[in-house]
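Chemist: Each chain, letter by letter, is given below.
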Amino acid sequence: MADPQIVAGRRRHVFDSFYSIITLVFILIACVELCDASTVVDVYRLIQYDISGAPFGSRAASINHHAGSSFSPPGSDLSRTVAVLTLRELNETFVREYIEQGKPLGGLLLLLPQVFRSDNSQTVIDDGDYKDMKKKLADLEQKLIHSTIQYPVYFAFEDEDLANVLADIQRNDAAGQPATATTGGYKLIVTSPAPKKLASPTITNIQGWLPGLKADGDSNQLPTIAIVASYDTFGAAPALSVGSDSNGSGVVALLEIARLFSILYSNPNTRGRYNILFGLTSGGPYNYNGTQKWLKSFDQRLRESIDYAICLNSLSSGENGLWLHVSKPPENAYVKQIFEGLSNVAEELGLKVGLKHKKINVSNSRVAWEHEQFSRLRVTAATLSGLSVAPNLLEHTGGISDKREFVNEDAVVRGVKLVAESLARHIYGHEGKNVNIFADNSSLAVNPSYIGSWLDLLSKTPRVAPFLSKDSAFIMALKKELADHVVEVNLQHDVIDGMFTFYDSTVNTLQIYQVASVTFDLLLLLVLGSYLITLFSILVITTRGLDDLISLFRRPPSRKMKST
Amino acid sequence: MTMFHFFNCAILTFGPHAVYYSATPLSEYDTLGTSVKTAVVYLVTALVKLVCLATFLKVSESDVFDPSQELLKALIGFIDVAGLYFALTQLTHRNISQNHKFQAVGLGWAFADSVLHRLAPLWVGARGLEFTWDYILQGLEANANLMLSLSLAALGSLMWLRKNKPKTLIPIIYACAGFVATMPSITSYLRWGLGWHLPEVVGFQLFTSLTMALVSWQLFSACQKPSA
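Residue numbers (full-length UniProt numbering), protein chains in the order written: chain D, 1 to 564; chain H, 1 to 228.
The hints are simulated quantities; they were obtained by calculation from the structure and are not laboratory data.
Think of the CB as a built atom: it goes at the ideal place given N, C-alpha and C, for glycine as much as any other residue.
Don't take every hint at face value.
Now the stretches of chain H that chain D is said to cover, found in silico as 3 or more residues with beta-carbon under 8 Å [unchecked claim]: (1) 15-25; (2) 117-131.
Facing chain H, a subset of chain D residues (Cβ under 10 Å, in silico) [as the list claims (entries may be wrong)]: (3) Ser-38; (4) Tyr-98; (5) Gly-102; (6) Lys-103; (7) Pro-104; (8) Asn-508; (9) Gln-511; (10) Ile-512; (11) Val-518; (12) Leu-524; (13) Leu-525; (14) Leu-539; (15) Val-540; (16) Thr-543; (17) Leu-546.
All chains, please: the whole structure from these sequences, using the hints.
Modeler: See below:
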């Protein structure tokens, strides 16, 4: 007799555990959040930095708004829209209104042509079209770097999916139906935590020492010649700033000169009576902060033994020749000596070298050329550069537009020949003589493929100093390469001057969703509701008869009659 | 908004089943037990089919329509019919008339099919921000499937449960049953072999299911006349 009860109780237990399992499964399923966007793109954020507390760049990182384009009707409120613009058809008025004048915008997505990708295949771009785009991009970068923008700004590269999405958006805008919550369209989402300050960004200076030949019995310190180049960059998007010319060309030239002189100095018979000091400095865009710290770390004797220093910068940018920038007046004996040495060699190579003098204003903290840091510490120095005019703060610092394809390799090779030859003539005392030490087709010839391959590597590595950790693979590679050529290599780690503060979050993923409007969902609900009601009515009518359908809507009258 | 879309698609996919149950006399005769038992039979049938497919079918790399493989799939599809036979004949039902039996069985069959094949994609996919027409089409497919299951159950009950059928109608009944049973193979041929897009396939399914439902209704009422 008790058996049915026990069975029923057991069945209840089974059902209970069954239900709890089901609820657990539902809870687990509810946590599944898959990314089902139609398009997912890597995007690179505009740099965010402060100079002495004054904010610059884009101050926000996350985006969650509908997409619009520059074709939206003028005067419409875009503060909850992300504007998608292409570099090819950049709308100047739009840029002026929203970037320079600071009208409110939900966000900005700039699409760059594929040619500006750093991992693009090497094709020589001689097309006038791309030169225009390079200039447009450089101008845009300068505008963006020097403005304070309250909304997030991202760069992305054009591809098919994005092109389709943009065409759709532009079509909708032109038809006067911008995307909002009630009209559907595209929604752009970038999830990112609020950007944080980078605590103590480091700069790493790499120095190489090639000692000269000391004559027996000579206790005096040998004179030193320094060759310096800064290797870091600064651009609108830190993840894309590869700076092939500024200052990739300088780094590559320094490495090649180190290689050539290491061959000469390896044999005591050809070792010169000068020490050569090679310096790969960081912190170039920030008033050559790294160079200053590097020089301050020098021993007094070493600093006094430096005869002169040559700083290499942007060797490919010169339209017709290179410029030697000095801070001491041109009548100075040392300056004259350096310049004549260079000019003689330049004549033989068919290059033009001009001399430019720029006085240093000690009270102004702005340092436009690297040699100025040497001059402030009373070391004779000059900068050899393709640029003719001193760049302003954060100008010509190797931004997105400075790509490998725009670098003139021949100009870099000629620059290397120029510096190496004039240096060697000075070291070995052959000034004025018609001697070609680094002749072509000799074992000391300048190696264009060495220059080419290092330029390739530099063009693929973004090198903005605050985002380059002190033990990054790139710095180790530079150190190793320099160590192959020189006798002694040292790394010096330091912190960027407090005037500059940087913020993180440089690369993110953008998800583009195609969303339906609320009205569509409501309409669908209406349609489905009426469908189900019709289905219900049809079924009731066909199976039970029309009377049954009507009776469903009438209260049963019999109960009332019964009670009375 | 996205839960809204999920809700819309869910009522499109599962609503008709509930409506059918409550609108027809099924609810009055309390045939829920039959439907639940049929759903369990469907589950077992699905498992058996999966095992057979895994054992006998070669995995092809591309989406090419392979006739021999499709034939094999169709044969395995007949396990469906066997399952339906089992549900109609072998299960013990309470005293419900034949008329209601096939409806309850068909309803349970279609509901289990919808839940197993469509609930998980719906839950995972329709809740996202991205909008696609897929889930609405899937709901329409569920509707078509409901009608097909009911037709198949009706024809099945005619074939196996009713003993005195007019001689002329027997071949038609078997032909219609065969057609409905091979519907999945036909659909996959259309999609992969001929390359039809999803909306066109769903449209075809709706059309054929409506016609088959009408045809089987006529057949059923025709067979009912002698005994009535």
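Chemist: Given D:Gly-102 as an interface hint, is its Cβ closer than 10 Å to any Cβ of chain H?
Modeler: 30 Å, violated
Chemist: Measuring from the C-beta of D:Leu-525 to each C-beta in chain H, is the shortest one below 10 Å?
Modeler: 6 Å, holds
Chemist: Quick one, is the D:Lys-103 hint okay against chain H at 10 Å, beta carbons?
Modeler: Result: violated, 28 Å to nearest chain H Cβ.
Chemist: Would the stated hint for D:Ser-38 survive a check requiring a Cβ distance to chain H of less than 10 Å?
Modeler: 6 Å, holds
Chemist: Does the nearest C-beta of chain H fall within a distance shorter than 10 Å of the C-beta of D:Asn-508?
Modeler: It is violated, given that the least Cβ distance between D:Asn-508 and chain H is near 17 Å, above 10 Å.
Chemist: Tell me if chain D covers the segment 117-131 of chain H under the three-residue, 8 Å CB rule, please?
Modeler: holds (count 7)
Chemist: With a cut-off of 10 Å on the beta carbons, see whether D:Leu-524 makes it to chain H.
Modeler: 5 Å, holds
Chemist: Hint check: is the beta carbon of D:Pro-104 less than 10 Å from a beta carbon of chain H?
Modeler: 24 Å, violated
Chemist: Does D:Tyr-98 pass the interface check with chain H, least Cβ-Cβ distance below 10 Å?
Modeler: 26 Å, violated
Chemist: With a cut-off of 10 Å, does the beta carbon of D:Val-518 approach a beta carbon of chain H closely enough for the hint to hold?
Modeler: Constraint on D:Val-518 satisfied, holds at 6 Å.
Chemist: For the hint on D:Val-540, does the least C-beta distance to chain H fall short of 10 Å?
Modeler: Holds, about 5 Å.
Chemist: Grab the minimum C-beta distance from D:Leu-546 to chain H and call the hint holds if it beats 10 Å, violated otherwise.
Modeler: 13 Å, violated
Of the numbered hints stated above, those contradicted by the structure are hints 4, 5, 6, 7, 8 and 17, listed in ascending order.
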